[in-house]
Structures are given as structure tokens and as C-alpha cells.
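*Asks:* Letter by letter, the chains look like this.
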Amino acid sequence: GENVEQHPSTLSVQEGDSAVIKCTYSDSASNYFPWYKQELGKRPQLIIDIRSNVGEKKDQRIAVTLNKTAKHFSLHITETQPEDSAVYFCAAKTPGGYNKLIFGAGTRLAVHP
Amino acid sequence: GAVVSQHPSWVICKSGTSVKIECRSLDFQATTMFWYRQFPKQSLMLMATSNEGSKATYEQGVEKDKFLINHASLTLSTLTVTSAHPEDSSFYICSAKSRDSPYEQYFGPGTRLTVT
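Chains U and A supply the protein sequences, listed in that same order.
Our numbering applies: residue 1 is where the first sequence begins, and numbers increase by one.
Our numbering applies: residue 1 is where the second sequence begins, and numbers increase by one.
Treat the hints as calculated values from the structure; they're not laboratory data.
Predicted model, so just to flag it, every value in this text is computed and none were measured.
Don't be surprised by glycine CBs; every beta carbon is placed ideally from N, CA and C.
Among the hints, a few may not be true.
[What the hints assert, rightly or not] Chain A is faced by these chain U residues, among others (derived, beta-carbon under 7 Å): (1) 32; (2) 43; (3) 98.
The shape of chain U in the complex, shown without the other chains (with noise of 0.2 Å):
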């Protein structure tokens, strides 16, 4: 089955700064890869998806890089905000029967003032 590997673990970055989380995935058949944001004893919340069809997406201060051959992606966060302070999970969905999604283990983004 799908397995999905997310580095690091734990970040720390001034505020301002940019911030790069990865994922691998080992289903090359996956299709769609969400990032989600989790605030302590939240639900997980959408910030950013993108398809297999597509290589790079931006929404204003977040971005997300799929390298479809190499089976990695990427969430990349750029002018860094405290408010950002949080865990950051990428998943990969697995194609056909119920459309599940593979989470990684989470990053704990941590952006000091």
C-alpha cells in the first residue's frame, strides 16, 4: 500500500522566513496531494492541494512542488508569520476503490518573532 515519508520532523525559523517541508510517496499511481495545517486539538485544515497533472501551485505566501518521477512533493511557506506556528501534514491519495489518504507523520512548525 501507499506509505508516505515527511521531513523534517520539527522546524524552527525566524519570522520572515521561508520554511520547506517534503514528502515522498511510494504509490506512483497516487493522484492528489493535499498539505494540511493542525492547530492543538483542532481538526486538520486545507491550506494548499495539488493534482498529479499539475507540477507546481501558489496560493499568496504558500506553495506546493510535485515531482511526479521522483515522487516527491513539497509545501513551501515564504514571509513567515508566527500565526504559522503549528503541524503540518502532507497525505497522498490513493487512486480508485474509497479514494483514501495516506498521511505523513506531521512537521511542528515552530516561527519565533
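Got chain U; can you put chain A on it based on the hints?
*Replies:* Quick look at chain A alone, frame taken from chain U:
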């Protein structure tokens, strides 16, 4: 749009008792609902997938007799933790997918279960 609710938001129960958690899609019909469990400082682990009117499909290692899932309608799925034990204490989150969205899942706010 695309709002999912869960009830209760938190529950404390004694060891050996059963607890039911409800997941509702409020403004769309959920063809598929998913149940996840999240232990502190860990990722979301998929427990099972349910389609309306059919039996749930459980992930490997999840005991179907312990975690009973019923997807009775296009807006409601329930998870019953039977004979709960302290190790079942966790954050349980559901998500739902509509027939109109082949990709995105909409997450509920989660239920914090503590078994004493």
C-alpha cells in the same frame, strides 16, 4: 459549505463501557466517510472507510468488533468503541467526501475520548 460536525466533542468513560461518536455532514451528502485516530503528537491513522448503506472497510490491525462503524444515511456515520480501555483514549476524527468532489475530504472537529 462542506461542513462536518462531530458529537460529542469530548467524552470520559469508564473502562469496559461503550461510547458512540457521531459524524454528520451538515450541508452535503457524504457518499464516503472516513474515521481516523490520532494519538498525542502523532499523525492521523486511518481506521476505516464507510460507504452509505454498506459495511465499513477496516484498515489492517483495526479490530472491527471493537470499533463498530455504521453509515446509516448519506449524512450520518457513527463509530462505537466497545468495551473501551485506557489505551483507546485518543482523538477520533471523521471526514467525509461528497459525490461532487472526487478528491477533497472535509474533516470534523474531532472527539477527545478519555477512558478511565
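*Asks:* Sort out which numbered hints this structure fails and list those numbers smallest first.
*Replies:* Violated: none.
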